[in-house]
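Spelled out from the first residue to the last, the chains are:
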Amino acid sequence: MTSLRSTVTAGNSRRQFLKQTGFLVASFAAVSIEGVDAFMQQQTSPAGPYPDPDYLQLDSWIVIRPDNTATFFVGKTDLGQGTGTAFRQIMSDELDIAFDHTTCVMGSTDITVDQGGSGGSDALQTDGYPMRRVAAEARRVLLEMGAQHFGVPVTALAVSDGVISVKTGDAVGRSITYGALIGGKKFNVTLSGRNIDATTGKAPLKPVQAMKNVGKSPRRDDVPDKVNGKQRWAVDMKVPGMLHARNVRPPLVGASLKSIDESSVKNVPGLVKVVSHGNYVAVVCEREEQAIRAARQLAVEWTPPASAPFPSSENLFTFMRKATPSSSSEPVTSGDVNASLASAAKVVEAQYDVPFQGHTSFGPAHALADPSNGQLTIYSNDMKSYGMRNGVAQFLKIPREKVRVVWMQGPQAYGRTAAEDAGFEAAFLATELGRPVRMQWTRQEETAWDTKGPAYAVTMRGGLDDKGQLVALDYDARAADFNHVGYNEADSVLIAQLMGTRKTPVRGRASYPSDKYTVANRRMAGSVVALPLAFETPVRMGNLRDPDGPQVTFASESFIDELAAAAAVDPLAFRLGLLERGSGDDAGFKRARSIACVKAAAEKFAWDARPSPQRQVNGDIATGRGMAYAFRSETVVVEMIEVEVNRRTGRVWVKRITCAHDCGLVINPEALTHALEGGLLHAVSRALFEEARFDEAKMLTTDWVSSPTLTHADVPERIDIVQVNGDPNPQRPDLQHYGAGETICKPMLAAVANAIFDATGVRMRRVPFTSARVLASLRA
Amino acid sequence: MAAITLLVNGSRHTVDVEPSTPLLYILRNDLDLAGPRFGCGLGQCGACTVLIKGEAVRSCVRPVSQAANVEITTLEGLAKGGQLHPIQQAWIDEQVPACGFCQNGQILTAKALLDKNPHPTDADIRDGMKNTLCRCMTYYRLNAAVKLAARRMA
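Line by line, the protein sequences are chains A and B. If you read the first sequence in our numbering, its first letter stands for residue 1167, the second for the next number, and so on. If you read the second sequence in our numbering, its first letter stands for residue 25, the second for the next number, and so on.
Hints may be right or wrong, so weigh each one.
[As the list claims (entries may be wrong)] DSS-like mimics (lysine-lysine), calculated; alpha carbons at most 30 Å apart, straight line:
#, chain 1, residue 1, chain 2, residue 2
1, A, K1396, B, K154
2, B, K104, A, K1368
3, A, K1512, A, K1488
4, A, K1396, B, K104
5, A, K1404, B, K104
6, B, K140, A, K1821
7, B, K140, A, K1396
8, B, K77, B, K104
9, B, K154, A, K1821
[Unchecked claim] Just so you have them, the derived chain B footprint on chain A, three or more residues with Cβ under 8 Å:
#, segment
10, 1389-1395
11, 1446-1457
12, 1523-1531
13, 1837-1849
[What the hints assert, rightly or not] Simulated restraints, written as ranges between beta carbons of each label pair:
#, chain 1, residue 1, chain 2, residue 2, range
14, B, R36, A, D1657, 48 to 56 Å
15, A, V1871, B, V94, 24 to 32 Å
16, A, E1428, B, R36, 33 to 41 Å
Calculated from the structure, these hints are not laboratory results. Owing to the predicted nature of the structure, the values given are computational and were not obtained by experimental measurement. Backbone N, C-alpha and C define an ideal beta-carbon position, used for all residues, glycine too.
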């Protein structure tokens, strides 16, 4: 085999490898996936059981073939940001093998170590380190083997691109490849580490300056098959004898099943079964179009709920502000906010509202479950395949060794999506029927019933002294985040709720702003409020791309802008003043890096320093600029944007975006830039368009017409990403790689509101800033 | 049920199915094509796009009976003689996809657009592409890739 550059399908390389060597079957007692293609072509489900790959064995992480190519086994999932390519970069660097001679297999529970799948934008921040360490250990072991081979000390050897050569002594000039040393054989090296994240060998990591592939931008290895039609996704998975299922949801939220008239679907060809359990109802048919028809046609009688499940989304914020909180967090305080506000020269107060927003995944939730051979294989795009394995085993009360989840590519998944619910439903139905079942949600189901990022109602108060300096800052948030749904929980997944399981609700949280401003008197307080219906509701809270950051930062960073305007100070200068006023820093130097990002963004954007608003109008179009800033974990983001507001139609166009981004060491600058561009626009979409709307009985947002999103018509003229390394010692050999992705979503809502204010003098305090809402504000 | 003949990517297939079945399910489930994908079933998002006589058509709302005996091209049929179509190459060169689920619709919509209008203005591209959604919001890359493809195809 020559270069593996174009080998993209995860399982392919594994299968080819198996064909070539045959040894791997022994190294993984339960080796099973031999490539998704192999399944589709020749087998339904290899015999289990499926014990966990042993994280303390080097062979679980890295395989080297006789042709001097390597495959890395990573227990993460790549949702289209290029993390798989990035893992190949850092691991090929530590291993000293050519990048083009590597592939990466990700996220299938029986062949990759449980690194949790994806979440928290921490693939490189957390999991990058064990992956580097195991690759470094493989290099160390191979050098020892080379030393033995040549009969020289390791210090006499050099290695480059998987070729070990002797640089001194009698054997000088001789060389051997990794593949010749180990290819087709096992390392049989035991690692150490108290848990998977701590996995390590004996080898030290390289200084980042010695990493050749890091900082370069090899193209993402998943892209070609996504444009040539060869990619096989979880939606494409088929096995012989597979059935098609559709759910039938209660038409009114909180309704309970009264009766099902199965004679209503008697004439549907291919109907296999109508399944109902509690309030969970599904139809299963031989063919997909039959299942669609059966689900539409099935006559189900529902008993409406005794009381409204929630207030209408129009009345949500009034409800949230009046409600008695179900819980409150301990406020974080410094100084005396109330006393300081009482003596301030100027006091500003404002309220900010962010509605529920859905994932609204582009591809409705789906999964295929295959119960062949007395085992259960689930093909899913869920980013937490390991969690699904454990959760489904619990839910169905079967040993987890009998369950495996094969992770495959899927549509947009930035958090706890309904892919999890579909996985459990497919598993349940497959077990009920004893045949493979493919579950596919409808668009209406996805938009209505996926999990939602919690709504926030925030009250801010601030005090300025007679010099316009900020002396008091008070943040008080209410989050509608009672019964926050976790990941792949057997007792909170939607099907479990509909079947009547009642887990003690997990109180979500009202998060606090993330900034490095120094304000002498500051208080941050938060409460959680509950909607009337906590279970079996489509307004169920789950993590959505920085779970609370956009909501919190909308309030905090809009308010900083309001304070700057009240002080008649340039909003950038106002923020820099608050950052530079402080002394000292945290371990990640976030204050210094925040200042560096603000300055880098201002330079690229060519920020015009002046107080807002500008109210620059040309015909119908008012133009303005705005900024906002936040960090998440260790990653710092500053966003500056230019907007055009059409004063006649209310339409807001984000014309230009500059983003300064510091996530420490950047592995693949181009892939990062592209991932950030998408994240920025997703946040613009949330600012301008997105809201899960409902009346007092049902969801009103159920498709792309009722639930609009940013489109190609709204694409900015220009996006500039400035990758900042604001570390005080930017050349240090252990420069950390932090997470990238979610942080980008935090500042945008405020940046857009601030830019609209600059353009028009009108302050938008309720998300989203739809044309109608902007127009109403302009006319108020 | 009825026997229906489909001409897809240069091959002839006869299927015996309910004539009102949307073309999408036949392409995916009977012809085993993975390019067109289910996104909404309502003709709103574009994930299911195929080309029928050069027009970008939403196969999720087109009954299979209305697609009989006409040339249908799916994403799989765009490359010729092992060479990617210039639009596909532009998508790779601009590294457009994130999750990639919508890109079938983006590429085929761009194909229909550029076939009709080889020198589109920015406004033409925005207008021509605006009904094909992307929730990873790759629009900025998409815009650049359409322009790159137009330049190369000119």
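Exercise for review: Could you grab the alpha-carbon distance between B/K140 and A/K1821 and see if it respects the 30 Å cut-off?
Suggested key: 28 Å, holds
Check your understanding: Has the hinted range 48 to 56 Å been met by the Cβ atoms of B/R36 and A/D1657?
Key -> This hint holds: roughly 52 Å between Cβ atoms.
Open item on the list: Can you tell me if the segment 1523-1531 of chain A counts as covered by chain B, using C-beta to C-beta distances under 8 Å and a minimum of three residues?
Closed with: holds (count 5)
Pairwise beta carbon distance, A/V1871 to B/V94, judged against the given window 24 to 32 Å = For B/V94 against A/V1871, whose Cβ atoms are near 29 Å apart, the range 24 to 32 Å holds.
Check whether three or more residues of the segment 1837-1849 of chain A sit with their beta carbon closer than 8 Å to a beta carbon of chain B. With 9 residues close enough to chain B, the hint holds.
Assessment of proposed distance window 33 to 41 Å (beta carbons of A/E1428, B/R36): Since the Cβ atoms of A/E1428 and B/R36 sit about 40 Å apart, the hinted range of 33 to 41 Å holds.
Checking one constraint from the list: CA of A/K1396 to CA of B/K154, max 30 Å. Satisfied? 26 Å, holds
Hinted pair A/K1396 and B/K104, Cα distance within 30 Å: With Cα atoms ~14 Å apart, A/K1396 and B/K104 stay inside 30 Å; holds.
Going straight from one Cα to the other, do B/K77 and B/K104 come out at no more than 30 Å?
17 Å, holds
Check your understanding: Does the alpha-carbon distance linking B/K154 and A/K1821 stay inside the 30 Å limit?
Key -> Satisfied, since the Cα-Cα distance of roughly 16 Å is no more than 30 Å.
For the pair supplied as a hint, B/K104 and A/K1368, is the alpha-carbon distance within the 30 Å limit?
52 Å, violated
Does the segment 1389-1395 of chain A contain three or more residues whose Cβ lies closer than 8 Å to a Cβ of chain B? It holds: at least three residues are needed, and the segment 1389-1395 of chain A offers 6 whose Cβ sits within less than 8 Å of chain B.
Hint compliance for this structure: hint 2 alone is broken.
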